[in-house]
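*Asks:* Following the hints, complete the assembly by docking chain Z onto the known chain A.
There are 2 protein chains.
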Amino acid sequence: MKKNIFYAQSGGVTPVINATAAGLIDYVSRNKASFGKLFVGKNGIAGALNEELIDISKEKSSELRKLVHTPGGAFGSCRIKLQDPVKNEKEFRRILEVFKAHNIGYFFYNGGGDSQDTTLKISNYCKANNYDVTCIGLPKTIDNDLPVTDNCPGFGSVAKYIATSTLEASLDVASMANSSTKVFILEVMGRHAGWLAASAGVIKENKSMPPHLILLPEVIFDEKKFLQETKTIVKNYGYCVIVASEGIKNKKNQFIASSTSKDSFGHAHLGGVAPKLANIISNKLSYKVHWAVADYLQRAARHLASSVDVKQAYAIGFKALYYAKKGVNGVMLTIKKQKAKTYKWEIKYTKLQNVANFEKELPKSFITKDGFGITSICKNYIKNLISGEDFPPYKNGVPVYAKLKLPLVKKKLKKFKVSL
Amino acid sequence: MKKNIFYAQSGGVTPVINATAAGLIDYVSRNKASFGKLFVGKNGIAGALNEELIDISKEKSSELRKLVHTPGGAFGSCRIKLQDPVKNEKEFRRILEVFKAHNIGYFFYNGGGDSQDTTLKISNYCKANNYDVTCIGLPKTIDNDLPVTDNCPGFGSVAKYIATSTLEASLDVASMANSSTKVFILEVMGRHAGWLAASAGVIKENKSMPPHLILLPEVIFDEKKFLQETKTIVKNYGYCVIVASEGIKNKKNQFIASSTSKDSFGHAHLGGVAPKLANIISNKLSYKVHWAVADYLQRAARHLASSVDVKQAYAIGFKALYYAKKGVNGVMLTIKKQKAKTYKWEIKYTKLQNVANFEKELPKSFITKDGFGITSICKNYIKNLISGEDFPPYKNGVPVYAKLKLPLVKKKLKKFKVSL
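The listed protein sequences derive, respectively, from chains A and Z. For the first sequence, our numbering assigns the number 47 to the initial residue and increments by one for each residue that follows. For the second sequence, our numbering assigns the number 47 to the initial residue and increments by one for each residue that follows.
Isolated chain A, as found in the complex (with noise of 0.2 angstroms):
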């Protein structure tokens, strides 16, 4: 009896995670003879939890084919964190018996580096309970902070965004500086790498262009060097863009922008990194300053998608079905640059272990010395990714974007309480 697919989106969405599940649905939908069913976890890895597996099925084939170009997660993610099966079984014993019930043989999660860390578990756990499950995680962050794959799907059209937006709104406050606002600072994502912050570089060809200061978290925040910083740019070139990542710390390792909400991840909930270093400048330089946080903004904008970033997002799930017809199992599939005068790239994997719970930073050589902007090395990395456009289709002057009815397989087991 082929085995049925369980695939799920977990963790932050992107705009192209959807061109993911796209893929593999495409996949699925041309080797009829290798899998059984494909089923969509509602919200993540909850759905395997409160056995809610969508029917893809029984969507409309014209709305499924929208989701190449849809942003958001179509079908519901997650930010739930497996405990430690030692420590509490619970969770996954029941995992197992959705996973049982539902003759899973093929276990598709698609997130950043604590969905992997879910994925590797799960694995573990199968085999540990004798139980065939082929799992294979699904590289997606806007943050790009995933070991071993060149890039992860999401960062790219992230990334055209930032740099798209610093440009643009450059030449506003370029404008208005004269007599009116001489500071512009944009907020952008990223909790501790520094990708999308150092994506707004791209736009720049020498020391007088915009952005002028890129605010890193792998560099320490030294409000006083920031100041002089600012000043002189305002002074040679009257007046100041400023691109700053969520992330930023002082000497003493707190957020610029503290708070004290956290996430089930653990991680704190930032925001305000942008009115905060605007409030320093007014109140220290007296210049007018301008501020916005992208927030949201920034991660759906799939209006702006790099046509780069929706290929690789979609190769990664065609791909993954195609590793795991070959018997490739407990690996996160990667993005690796060919060598080629041109940027060329292919789908490779690399171990579950390799991957989980690691946060990859900047590296060093991707940062000017003055710490404020990025090298040339780092400009033709993002350069490469944001390269392309992938417009989605338009009605009435806004984008048309998939409508999914997420229909539910008939349960067959007992209801579950999740207590995470």
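Quick caveat, the hints were computed from the structure, so don't treat them as lab data. Please note that the accuracy of each hint is not assured.
Given that identical chains are not distinguished, each listed pair holds provided it fits within a single copy or across any two copies.
[Claimed, not checked] Calculated lysine-lysine pairs in the PhoX-like style (CA-CA distance at most 20 angstroms, straight line):
no.: 1; residue 1: K146; residue 2: K48
no.: 2; residue 1: K429; residue 2: K441
no.: 3; residue 1: K387; residue 2: K295
no.: 4; residue 1: K451; residue 2: K253
no.: 5; residue 1: K270; residue 2: K281
no.: 6; residue 1: K334; residue 2: K127
no.: 7; residue 1: K390; residue 2: K441
no.: 8; residue 1: K441; residue 2: K387
no.: 9; residue 1: K253; residue 2: K281
no.: 10; residue 1: K253; residue 2: K387
no.: 11; residue 1: K441; residue 2: K425
no.: 12; residue 1: K441; residue 2: K357
no.: 13; residue 1: K253; residue 2: K449
no.: 14; residue 1: K146; residue 2: K457
no.: 15; residue 1: K281; residue 2: K88
All values reported here derive from a predicted model rather than from experimental measurement.
*Replies:* Showing chain Z alone in chain A's frame:
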């Protein structure tokens, strides 16, 4: 001897104000027999006061052709409000002196309500001093708050950006709501008029769909009612998307995002409604909240311009000289919807007296009874204006925008100290 033209950009810039400049440049180049040189004020009216006139003929034509798709104010804008010439004649005397020295016979000022007031004052002053100059105001404001004209160039593109961004961010929060963020707040521009916040409403097809709450400056902010609605929406639909205008006020007529700083027009410098609302919801309802402040990102987002808006902005510039040639004077150009089944429009004009210093709010018929949404009349109005895409060209993953050199005409007068 043919008279020269003086054109300048004023107030907050837009994604399409340079399209108006492009229309003007094209008309002049096709009608060289009728007009002298085209000079553009560096930094708006400050260019006249400082005798800083940009000589368009010395710019590369390949760069000038990019103006139609370049955001920001390519020649610099300003926030300078001329005083009453009866009280303070100095600046007017100077402008007249500069107009005479450079043989200016046409003055086109491209701005919002305050700028139309400047155009009117200069027109009256020149007339009173027997200097013959055609003065025409060219509308521009993302706030869409100018009277008489059906709409303002700049609004359609920003409205398209807000509608699209709200749609996309809503898909993001909907994916996360089960175990994480339940409320998302987007703060948009609009000091006294809610046109921009309203524009998010075009994506809503039924009550369950986002944006669930639109907070308009035309409707008094009632915290209790707001919290009640938010709670009900989260209970019913799992998540709540809120679009808030920066200018919302409480029943004491205080801005929710109050601030002590003011710009030179005497307007309070706002920004920060979203984090304030997030704080209220987080404290009173204990939901996890995310918030974004679009600020200049919305105002500069040429990458997402509406093609209707670009065409109208261009036509305003083109028709400015067409009407000037016909002897029209002392007016602001307007956009008028034609009686037709599909949306058609034409460029007309109205006396400057009718538009200076007047802010057009959202009509009551555009707002739903509960005060949190827009009616179908409003939807249809906005849908026309956000219609069609007009993507800029891209290179290396980012849009290609005009890079001007802004060469100045040789000064003929003594230096003038601008005291504004």
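*Asks:* Find the hints from earlier in the document that the structure breaks and name them by number, from lowest to highest.
*Replies:* Per hint list: 3, 10 violated.
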